Each structure stands twice: as C-alpha cells, then as structure tokens.
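Visitor: Use the sequences and the hints to build the structure in full.
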Amino acid sequence: MKLVIAILQSHKLDAVMKALDEREIYLKTVSNVLGCGRQKGVSEVYRGVREAGNLIKKVRLEIAVNDSYLQPTVEAIIKGAQTGKIGDGKIFVLELAECIRIRTGETGGVAIG
Amino acid sequence: MKLVIAILQSHKLDAVMKALDEREIYLKTVSNVLGCGRQKGVSEVYRGVREAGNLIKKVRLEIAVNDSYLQPTVEAIIKGAQTGKIGDGKIFVLELAECIRIRTGETGGVAIG
Amino acid sequence: MKLVIAILQSHKLDAVMKALDEREIYLKTVSNVLGCGRQKGVSEVYRGVREAGNLIKKVRLEIAVNDSYLQPTVEAIIKGAQTGKIGDGKIFVLELAECIRIRTGETGGVAIG
Amino acid sequence: MINGSDTGFVLMSAALVMLMTSPGLAFFYGGLVRRKNVLSTMMQSFFLLCLLSVQWVLFGYSLAFGPDIGHVIGSLSWIGLKNVSMAPNPDYSATIPHALFAVFQMMFAVITPALITGAFAERMKFASFALFSLLWATLVYDPVCHWVWGSGGWLKTIGVLDFAGGSVVHLSSGVSALVCALMLGRRKGYPNEPLPPHNMTYVLLGASLLWFGWFGFNAGSALAANGLAVSAFIATNTAAAVAALTWMAIEWISAGKPTVLGGATGAVAGLATITPASGYVSVGSAMLIGIMAGMVCYSAVVFVKQKLTYDDSLDAFGVHGIGGMIGMLATGLFAQKVINGAGNNGLFFGNAGLLGAQAVAVGVVVVYSILLTFALLKLIDLVLGLRVNDEEELIGLDHTQHKESAYTLLD
Amino acid sequence: MINGSDTGFVLMSAALVMLMTSPGLAFFYGGLVRRKNVLSTMMQSFFLLCLLSVQWVLFGYSLAFGPDIGHVIGSLSWIGLKNVSMAPNPDYSATIPHALFAVFQMMFAVITPALITGAFAERMKFASFALFSLLWATLVYDPVCHWVWGSGGWLKTIGVLDFAGGSVVHLSSGVSALVCALMLGRRKGYPNEPLPPHNMTYVLLGASLLWFGWFGFNAGSALAANGLAVSAFIATNTAAAVAALTWMAIEWISAGKPTVLGGATGAVAGLATITPASGYVSVGSAMLIGIMAGMVCYSAVVFVKQKLTYDDSLDAFGVHGIGGMIGMLATGLFAQKVINGAGNNGLFFGNAGLLGAQAVAVGVVVVYSILLTFALLKLIDLVLGLRVNDEEELIGLDHTQHKESAYTLLD
Amino acid sequence: MINGSDTGFVLMSAALVMLMTSPGLAFFYGGLVRRKNVLSTMMQSFFLLCLLSVQWVLFGYSLAFGPDIGHVIGSLSWIGLKNVSMAPNPDYSATIPHALFAVFQMMFAVITPALITGAFAERMKFASFALFSLLWATLVYDPVCHWVWGSGGWLKTIGVLDFAGGSVVHLSSGVSALVCALMLGRRKGYPNEPLPPHNMTYVLLGASLLWFGWFGFNAGSALAANGLAVSAFIATNTAAAVAALTWMAIEWISAGKPTVLGGATGAVAGLATITPASGYVSVGSAMLIGIMAGMVCYSAVVFVKQKLTYDDSLDAFGVHGIGGMIGMLATGLFAQKVINGAGNNGLFFGNAGLLGAQAVAVGVVVVYSILLTFALLKLIDLVLGLRVNDEEELIGLDHTQHKESAYTLLD
Ligand SMILES: Nc1ncnc2c1ncn2[C@@H]1O[C@H](COP(=O)(O)OP(=O)(O)O)[C@@H](O)[C@H]1O
Ligand SMILES: Nc1ncnc2c1ncn2[C@@H]1O[C@H](COP(=O)(O)OP(=O)(O)O)[C@@H](O)[C@H]1O
Ligand SMILES: Nc1ncnc2c1ncn2[C@@H]1O[C@H](COP(=O)(O)OP(=O)(O)O)[C@@H](O)[C@H]1O
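Chains as they are written, first to last, in the numbering used here: chain G, 1 to 113; chain F, 1 to 113; chain Y, 1 to 113; chain D, 1 to 411; chain C, 1 to 411; chain E, 1 to 411.
No lab work stands behind these hints: they were computed from the structure. All figures in this text were calculated on a predicted structure; none of them were measured in a lab. Careful, some of the hints might be misleading.
Computed list of lysine-lysine pairs in DSS-like fashion (alpha-carbon distance at most 27 Å, straight line) [unchecked claim]:
id	chain 1	residue 1	chain 2	residue 2
1	D	188	F	18
2	E	188	D	257
3	Y	79	F	79
4	F	85	G	2
5	Y	2	Y	79
6	F	2	Y	85
7	G	85	Y	2
8	C	188	E	257
9	D	337	E	82
10	D	188	C	378
11	D	378	C	257
12	E	307	Y	18
13	G	18	C	307
14	F	2	Y	2
15	E	257	C	378
16	E	378	D	257
17	D	82	F	85
18	Y	85	E	378
19	G	2	F	2
20	C	188	D	82
Guide: This is the structure in structure tokens:
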C-alpha cells in the first residue's frame, strides 16, 4: 500500500478530481497549504508595495492506494494538474504500513478503498 | 516508531482526544481537511440548488508513537470515532524513520513522548 | 529520499525559512495546524473563563529532500525554531519512496529540488 | 399636530433600532458561538426581525398599545393597524403620526425576543425557537409592554418610569433567558471543554452597531428631536463608555489584561442598564450608573454564572437581565424632574416613592416572565421538543437546522 | 420654501442609500461568490459608487432630470450641476434644496448598475465592466429615469406610478442582468460543480444593511418627513418581512429546512418588489405584495433559472428583474389615492387605467433594456472582450484583475 | 432658538461620526494588519471611543470650547458639562442645544487619536497607547481645537477656515502619527518581509462605513439641516469619489491594475482632504481637490514612505497628515463666500489673505503636534516603555496584550 501526497495548484483540483474519477479512484483527503517552490510568488501590490511573498496558495491531496493503483493515481494527477509551467507541483509517494477503516475495523488492502 | 494519521469526523475529535488521554497519549497535531470518501456530501441547499459537494469537512490527526503505543492509539481512535456509519474515516500508519525534539535535539523514541 | 515534517511555533516560521535559505533548501510546503503537546495552552480569557484549550496554533512544514540534505535541513529547522522552552515542536523524518515533478514527469532525486 | 422634525427623527431612530437586531445583535451573538453554529445563531435574530414585524402589525401592537382593557392588556381594535392613522395619537406622541409610533415600537418588539436567543444558542431546535418566540412575544412582551407603556397600563398608572425599555425589553428578556438556560440544560461539553468565540471581530462589529443603534433606541424614545433626546443621547453614550471602562479595568486588575470581549460586553451592559434611566438622569448620574453596570454585570457573568454553572451561553441574563434590573432601580434613585418634567424625582432627589414603584415593576416583571417562560417551554417541549439531539448538536445547527454552512474551507 | 425637517430627513436618506451599495450590496454579493473572487465582486459595487458619483454630477443628472427634450431625455443645461442650486425646484421637490434632490437621486443612479454586477460575477473583465457600466448608466439608466421621473418624461405623462424605482432601478437592471448572463455565458463548472457561497455571514450582513438602507430608499422617496414617508416605511418593512417568511416557508415545506440564504434573498426580493408601490399602498396590500414577491421570485430563482440553465450568478434577474416587474404591476392593482393623493387608484380600487400604464412601462423598460444592453455588450466584446480568459477564471479575478487577495492563509 | 430640524439632524450626524471610529476605523485598520494583531488594532479604536467619551465630558470639552483664556485654551468652568445646558450657545450654534454641540464635537475628539493608531499598529504596548492617547487628547487635541474652533481661539481670530477638521483632526493626528512611526521604529521584518493585509474585505467594509459616517462629519458640521449641509454633503461625496478614481487610475497606469486597497485608500484620502474645505467650496472645486488628494497622497504613501523607509504601518500620515495639509491649503485657494457667507474667498476668488492664514494654521499645527507628540512619547518611554518586546511582537499583540485570539482555527 502507498500513501500518495500531491501538492497542486489550487485551481487544478477540479481537473485532478475528474481525472481520478475516470480511473475510479474516489477516496481522498484535501487540505489548504502554502507552497514555496521555484515559482516566484504571484506578486500582489498593496499601496504600491509589491508583496512577492514566495508562499503561494496550493492544495494538498492525500490518497492511500493499493500498489496496483499507484500508477493510475500518479497518471491522473499529472493529467489533471500539468500545465508545463513552473508551479505545477510535486507528487510524493510513501510506503504505507497499515490502513484501518474506523467504521468496521477492517485493515490492510480492503480498508483502503 | 510509527506515524499514525487519522481522518475523522470533525465532531468526533473531542471524543477521540478523551479516549487518547485515557491511554496517556497526549501529544498530537490536528488540522482541517476536506474528505472525499464513500459518504455522500452532506447536501446543502443554496437557493434551491442542492450542493452535493462530495468534499466534506473532516479533521486530520497526526500522532507519532513508539511501536508499543501503536495498538492503544489505534484502539483509542476507533473507540472515540466509530459510529458504524459511513464517513467514520480511516487510520493510516507509516513507518517513522526518525523523530527529533527541537527543544533539546533529542532523537528517536525518547523524543516522541 | 526523505520527507521531513516539522511542527513549529507559528512565529518561528520566518526564522526557520531564513535558516533553510542559507543552506539552499528552498522548496517546502507549509500549513496551519493545531498542536497538543507538553506545552500548556496559552490561556485565553473570555468573560472570565480561562480557556486553557490545549490545542495551540502551530505551523507544519513539509520538506522532501535527498538524503544528503537531511542533516542540513534538520539543523536549519532547529536553528530557526529552538528557544529551549516547551512548545518548540518536533521533527519527523519519513522514508520517501518516490518523488515526481508534475511539470516534467521527472522522478526520483532530480525531481525533489 | 404633526411636526416634521420629530417625524424625521423618529423615522431615522426606527431604522437605527432595526439595525440593532440584524446585523447588530446577529453579529454580536454570532461571533461568540462556534463556527458550526454561527448561521443558526444569526438566523434567530434575522428571523425574528421578519416574524415580529408581521406579528406586530397583525395584532401585537393592538395588544400592547390598543385601547386598555382592565389595565392589563390592549384590546384588539387596532389589529392590522386598523385605526392607526397618520394623525398623531396624543396618548403616546402628540407630534408624530400614530403609525410612526407603532413602527418605532415595532423595532423594540423585534429585538426583545432576539435578546433571549443568547441563552439557547447552539442547541435549540429551530421550529421550537420560532414557536416559543411567537408565543413569548404575544404572551409576555405584549402584556408587559402594555402595563408599563400602554395608556392605562397598571404599572404606568402607579408611576413606574421606564424611558426606553429597562423592564419591558431588557429585564423581561434577560430573566426569560435565564429560565431558558436552566430548562434547556447545558451545551454538551460545557463547562469542561473550551468553547471560545469563533470570531471576535464579529463580536466587536456587533457591539459597535448596537451602540450606534442604541442612539435611536434611547434618544429616539424622546419621540421628538428636542433637548430630552439630546440628554438621553449623552446619558447613553456616557454610561456605555463608563461601563466598558469599568469592565476592562476590573479585568486589567484581576486578570492582568483588558480584553476586547470585556470592553464589548461592558459597553452593552452599560447600554442596557442606562436604558430605563436615559431620559431622566444627568450625565453625572449616567456615569455612576455606568460604573454600577460594569461592576454588577461583571460579577453576574463571571462569578455567579460560573458558580451556579447554568449555561446562559451568550450571557443574555447576566447582561440584559441584571442590567435591566439595576437600571430600573437606579432610575428610582437618580431620576430628576429638572431633566425631564414628565418624569419624577428619585430617592436621591427627595422622593422615595419612585423607588418603590420601580421595585414593584422589577418584581412583577421578573415573576411574570419566569412563570410564563417556564410554562411556554414546558408546553413546547411536549409538542416539539426543545433541543436538537446529541448528534445534531455535535454536527452543528447550521447543517442540521438549515442545510447550510457559513464558510467554505478551500480557497 | 425650504423646510429644515425635510432637508435633514432627505440628507440622512441619501446617506442610507449610499450605504446600500457599499458595504450593503458589496457584502451581499461578495459573500455569495467563491473566495478567489470576493474582492473583484465587492470592487464592482465600490467602484460604481465612485464612478457614478462623478458621472451623475458631470452630466447624468442633467440627462435624467434636466429640462425636457421631446419627452425622452433631459437637456445638457444642468451639466456639472450648473443651475442646480440650493433653492428648491418645485418640479421635483418644493421643500428641499434642488441640489439635495440631485444628490439623493445620485445614490439611486449608483446602485442600479451595481445590481447588474450580480449577473457577471466571477468572470467579467474589470475594464469591460467599467466601460459597460458607464455606458449603461448613460444610455439606459438616464433615459429611463427621465421617462418615468423626469419632468415631462413620457411615461410619467401617461400616468405611470413608480414610487422609488421599481422600473427605473430594479426592472431595468434586472432585465439587463439577464442579457448579461446570457451573453457572457456560464461560469466554468456551472451548473455541474458546486459553487457554494464562501461566506454566508457576509450575505446576511449585506442583506441586513440593504434592508436598513432601503428605509432611506423608499421612505426617503417621499422627499419629506411626513405621513407619506411613514406609510412607505411601514409598507417597506412589512413587505420585506412577509416575503422573507414566504420564501422560508416554501423551503421549509419543500426542502425540509428554512435557510439563511432563503431568508435573506426573500427579504431583498420583497424590498425590490414593494419599491414602486411603497408610497401608494396600505399595509395590508404590502403584505399581499410580499407574499407574491416571495412566491414568484422563488420560482424564478429556483425553477426557471435551473430549467433554462443560464448562469445569473447571484440572481440579479430573478430577484430584481422579476421583483421590479411584479411590483410595477402590483402598483397598478393596489395603489390607493387615500394613501397618497398625488398617486392614483389601482384596479382593485376601481381604476383599470393605471394597470395599463404600468404594463406599458414594464414592456417599454424591458424591451429598451434588452436592446441597449445587448448592443453595448456586443460593442464592448469587439473592443475589449467581455470575459477573462479560462486561466484567469480558474485562478480567480482577485488576483488576475486586481493583484490582491482577500484573505491571508497563515495565522 | 432651538430648532427641531437642526437638532434632529445633528443628533443623527453625531451617531454617524461615532460609527466612523468603531466599527469604521476599527475595520479599516483591523483588516490591514496581520491576523495575530487584528484585535489589538480594533481594540485601540473601540477603547478610544470609551476613553475619550469620558475625557470629553469630564474636562476635554471645557478645555477645547470653554470660556477662552488668553486665546489659547478654554477654562475649566464647563467641567463635567457644568453650564452646558439644553439652551443654545450662540457662540457655537444658535439653533441646537449647547449640550448637543458638545456631544457632536465629542465624536471628533474620539476619532482623532484613533487615527494615529495607524502608525503604531502591531507593536505598541496597550498601557502606553492608552496613556499616550489620553495625554495627547488633552495636550494636543484640546488646545488645537480651541485655537481653530473655540470662541476666542487665536487661529480662528486670524481668520483660519477649517470647516470640519482638516487641521484639528487630520493634520494634527497625521503629523503625530509620523512622529510615532519614527520613534517607535519599524515592525520586525519591515520592509523586507511581506506584511499583506489579512482581510481586505474588512478594509472595504471600514472604508465604506467611513465614507457613510463622513456625511455626518462634514454635512453635520453645518450644525443645521440647510443648504450649507447639502453643499458639504455633495462636496464630500464628490471629492471621495474623484480621489478614489484618481488613485485607481494611477495604479492602473503604473502597475497595470487598479486595486481595492487603492480605491479604499484613495476615498479616505479624498474624504480627509475635503474635510476643511467641504463647507466652503463648489462641486467643481471639490473635484479638483479630489484629484489633488489622490495624486499627492498616493505619492506620499507609495514613493515618499518607501524612500524614507519609516514604518507608518497603516499610512496615517500619508493619508490624514498629507490630506489634512492639502485640504487646509486648498481651502485657502478654493473657498467662496457665495457658498458660505460665514466663510471667505480664497486666492482663486480674489483673496490672497486667506491662504496666508491657512498656511499659518498648517505650520502651527505641524510644529506643535510634532513637539508635543515627541515629548509625550519620550516621557512614556521612560515610564512604561513604548513597544512590546520582540517575543511578544512575534507572538502577536492579541495574545500578549489581551489574552484573546480573533479567530478559532478548527471548524
Ligand atoms: N522538495 C519539496 N518539498 C516540499 N514541497 C515541495 C517540494 N518541491 C515542491 N514542493 C511543493 O510543490 C509546489 C510547486 O513546486 P514548484 O517548484 O513551484 O513547481 P515545479 O514542480 O513546477 O518546479 C511548491 O509550491 C511546494 O509547495
Ligand atoms: N484511500 C483514502 N485516501 C485518502 N483519504 C481517505 C481514503 N479513504 C478514506 N479517506 C478519508 O476518510 C474519510 C472517510 O471515508 P469514508 O469512505 O467516507 O468513510 P468510511 O471509512 O466509513 O467508508 C474520507 O472523507 C476521506 O477524507
Ligand atoms: N508525538 C507527537 N505526535 C504528533 N505531534 C506531536 C508529537 N509531539 C509533539 N507534537 C507536536 O509538536 C508540538 C510541540 O510539542 P511540545 O511537546 O509542546 O513541545 P516540546 O517538543 O518542546 O516538548 C505539539 O503542539 C504538537 O503539535
């Protein structure tokens, strides 16, 4: 089992979710984050001061998958989020030692989906 | 050492924290997330439009534990969060390679608690 | 590759970022969390009621690094965040199985930086 | 004869009092609750603005101010505002249209039950709240209003002075709020878990708008753009400021820091307390009343409530009930005929009788409000139930009572 | 002769109407959009307050109210408020300075194009919006205003009654909003993806401030602090309350729960609908109008829009277009000379003629607004384009049109 | 003789000016700071509303407007509003109660020190702020107010015109703000780290409420519901609109996009600038003044401040100091006796003398404010210290000064 963590542009979330749905990957957890990467901060201007804050709003996607789903998950994320421009984000894959469904107490691969 | 990540119904957080306290697991980190699972979005209605947004507010709990605490942690979470209805959430367990207490620089098992 | 997760005092973020910059570690992801640790909640008082909520605002830093950067990353975080007082936070290190740059599809160590 | 200046001034005052309920009270209360209940809390104020506006026009005004029946209630001869014309009714106001008096009073009828909602925030069923408020307005507010302000009302007849609603508005709602808090029971988690205000800036916004609107409430109650209105305006502003400073000073001394919530609460306490006195007292007396308001309401909210551990969630009793009570009695102490010839002298100005009348009014309103509120809640509990169930309370009332949420999470 | 009471009352009313546009409408609309577009939405209201204030002083007032040319437009002899002095102009108001009438009317000219912005929220280019609004105000609002309210205006001459702007303000903007919604096309994702309001408390704040300001809008339109103003005040408040209750009742029955958004929308619908009738109808008629407003606007917003799937993002058409239309026709039914001697009787009071005139006004304003709005949008589309590009829409208009963001994320 | 219309109008105007401080200024400033400091910033405005209300009643009014002593200060014979009755005082206003004049002026005394707080946001100790404000109000505001507006005041005697407080309110506070910014030093991180406004919608809410309240400020300063009030109303609205448009136009040209913050700041700059001139100039002059306000304040805020790198956190100097200065001088240029017979002609209308008097007033107020503010800060620094310590600044003032936080994090 793997835990996939992806950092995306906020406005790409919908497209990524659609691409995941197409591959029947429905379960996921989303949160707000601020990213600092190669992308220069979208410069905002307040009373003439350019706030090149290099912390940019991003969305963090967390998806636990069985190994066979890893490839499609990564593909879907790339499909939905890639623009080819700096700031597209990253995907991190971690080994998942265990997964438990709270409702039933089931563990392992069956609990993931 | 393990890193336990649990996704819970927001309103179950208090009960889970109480169950953890009973097992003397006090340290944790909490954040807001939106979950997309089997649970159908709590349908909201805005001017007659049913917003079945399937992203539902959840709470994310992160607890680093020594291996011997893994079992009680999982139990406590299940005890506090389980209703038996869809939407109860998941627990993910990851292998934790290292843990460092910033205050003292201590590492490993002693740094976790 | 490692995934470093650090929980910091919110107001130490700037100092940590500066220390990371000095070590040429620029890429990171930041989010808001609430921490529950040894630190007693900063007591707030509302109409005479002391709300010793033991959930305290913290900042969560996520940095994926190649192994050779692990040491400097941890050092930088400690340098920026350490006050020696309770509440300084923790650093968790996880094994990172894979890293993919969405923009290019590159994987592994080259995708991290 | 109709006087244009008075008409314009009371029209604007009515608008200001409307603003007090929503967004004023809606934000004051809404900021204090948890995120998951903010809409349901604000909704209670907004809904009452709608509901009571209609009740008042249909029959509420007639019950409260209509031709007297046995000194206890108005007759139904003014229902639907029948006979309430654009000519003045000298019983109430000789210089503005009778219909304007009715609509100015409407805004008082609107805000009074809204004040109570502070006691049952975060746990009451919406349907039960709506039914309770309608019945309470009809069976408590309208009669009490008649007794104190209605032509022929028995408390008025014995000489009770209540300039802008210390007994009619604040005492009646505050005492009823206490009954509600006791009968509904505490919120889950109270008082063990922290329930901090989810948005203190809303609280400050609400308190400031209340202060602003209160100029319409108190100065407007002169029903004329004259010196009395000016006097009430100054007394109001002074008591609010002094009570807020008093509250913050106590905090500063006892807890080390003055708080924004303390300042806001103190100001509202000062405003509630000065209300019955505002048209009868000097600026110096207003200061003393402000100090009393700050000290006594602080004690009620911080010590008494915590000792007795009832859950008056937003302190409707501690602020409005206690404030109304002190204010009514203080009127019996500080009132001066030189400020308002239509009033009377209080104890400190040589007339002990007034204090007696004021005490009677307090006693009567307290007892009547307790009994009726108790009976109404019992009744509604049988028919509809009072509280949402545990699951709904945990999930929050915004979702479970209104299928909405106040804020989205993703940016 | 100048009358101080009327002058003071209209000054305050003008201030109240200003408040309606910003923060009133700004927050009502701003709360409804997504986080990434809130500033751009609020900016549209605020910017129009600035832009139209200047347009009106420079030439708008002269076009709308200046000496009549052929019953269709005012001459330019009052540009820069030349000849608009502190003496009254008896054509419009015999008891207040002419300049005050001009500035009171200014606030109406400000809010009308701001209402339209509800239709193109979240996708229109700022420059195109600004140009459109300026042209629309000049070519649609100013002439329509002249027809209905200008001395010599042809709709006024045939006896059309529009007390505070049912046709001039709400119908013209609401219908134009529909054209905008159709020509701009839907927001990306609509109607398949959920687009919930990002901050419902802002919606309630905005709606409450609109209600408050509407007292200046409608009662102020009496242009005097007199019984007529009182009558309009009561009709306004009553219709708002009844329409909100009606809307919530429908929701309660059909969807199981009354909502805050329903209450707020219903109130605004009631306010828009009563506007043309407010100075001509009894409180009983106001109730009926409120019920109609609630039911018909609800249907328009919930059923019609969803059936036709145009994206009138914030329901400017469903609320203001439909509300204005019903209100104009209802005036033809419910108007009474006993309420306002300067008015006329409607159908239900024995005069069918008025309804005819009202219907003509509705027809004319609808057709004219559609044609002109269509032409203006076509023109601007050629010159500047109407919509931001897809990428900009995804990122949000706050960033792409104003280089700002409304909220920071880290604490 | 007391006039009801004037009394009603000034009562409402006083309420509007109260609204400017809180929530108006509280939200304008509060939205601009970081999340962790929003309450402490709002608290400063709210607290001053309380503190100065009391100071003014106790002795402030007497110092500022009491019987003249040597042209420099009022005597203490009106302390506690003694001798300030409901009869008019013809020295100040012949048609409203003297006490109403006092309370209207109170609201000016409240907002003036609140304007200064923009300079020390996010770093000043609460106790030091409170002490400073009390002393500043007493030693700077009260005397300056006496010089310019007090009967017998020396600047008034030489013919200085300041309709609603360009020198008394904006210049005095703005210049003092600059001194505060310099003496407190910069916030940690400024100007290297980004310190974006944490809630721009609050900024817009605050700016809109300021605009609204400013009608009471400027039109109310006519102290009568007459043509002069109307004239001031129009000048105020026009200058605000034009200055906002100017500011946004500069941004549009120079930075590619007009911003919401630019619009809001420009409007406030226009309002501050027109203040002294509002009762003396034509609508055309108001436009020119608005353009000047937009251009000069923009330069001060964007270029001068950044060049000199002092940290006037919320631009109290750039907006109010510069705006007040331009406005005072512009009054010397554009004033016209035909607009206000009690005024004078300015340079452009044939009278160079006025400009001289205005320049003297500017010079005197600038020098006096700088000296006194400097001395007060030095003193307070010795006694209490001015700034919170570094740790407290990092954690934020809400926690460290008030033990509160504005928003909860979990839903
Ligand atoms: N090594 C990393 N550790 C943590 N987060 C990262 C890392 N690299 C990238 N990110 C996240 O991904 C986002 C996009 O990265 P960026 O470098 O801007 O784009 P790109 O991947 O196209 O070069 C960043 O804002 C940051 O949130
Ligand atoms: N595979 C997964 N990856 C990431 N998050 C998940 C996954 N499965 C469940 N979750 C999270 O857990 C929440 C609850 O899951 P859900 O399927 O609704 O309940 P249940 O576990 O009872 O079937 C989801 O909303 C989502 O946030
Ligand atoms: N075992 C843990 N699991 C998850 N989060 C932890 C753990 N230990 C500490 N934290 C996080 O680190 C923060 C600081 O920890 P705390 O115990 O207060 O300080 P210190 O590390 O100085 O003892 C906590 O608020 C919490 O968010």
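Visitor: Now tell me if each hint is right for this structure.
Guide: Going through the hints against the structure:
1. D/188 with F/18: Holds - the C-alpha atoms of residue 18 of chain F and residue 188 of chain D are around 14 Å apart, at most 27 Å.
2. E/188 with D/257: holds, 24 Å
3. Y/79 with F/79: Violated: residue 79 of chain Y and residue 79 of chain F sit about 39 Å apart, past 27 Å.
4. F/85 with G/2: Cα-Cα ~25 Å, so holds.
5. Y/2 with Y/79: It holds: about 20 Å lies between the C-alpha atoms, which stays within 27 Å.
6. F/2 with Y/85: The hint holds at about 25 Å.
7. G/85 with Y/2: This hinted pair holds, its Cα atoms lying about 25 Å apart.
8. C/188 with E/257: Roughly 24 Å between the alpha carbons, so the hint for residue 188 of chain C and residue 257 of chain E holds.
9. D/337 with E/82: holds, 17 Å
10. D/188 with C/378: Roughly 59 Å between the alpha carbons, so the hint for residue 188 of chain D and residue 378 of chain C is violated.
11. D/378 with C/257: Measuring from Cα to Cα gives roughly 24 Å; hence the hint holds.
12. E/307 with Y/18: Satisfied, since the Cα-Cα distance of roughly 25 Å is no more than 27 Å.
13. G/18 with C/307: Holds, at about 25 Å.
14. F/2 with Y/2: holds, 15 Å
15. E/257 with C/378: Holds. Residue 257 of chain E to residue 378 of chain C sits at ~24 Å (cutoff 27 Å).
16. E/378 with D/257: holds, 24 Å
17. D/82 with F/85: violated, 57 Å
18. Y/85 with E/378: violated, 34 Å
19. G/2 with F/2: The hint holds at about 15 Å.
20. C/188 with D/82: Status violated; Cα separation ~53 Å.
Hints 3, 10, 17, 18 and 20, counting from the list given before, are not met by this structure.
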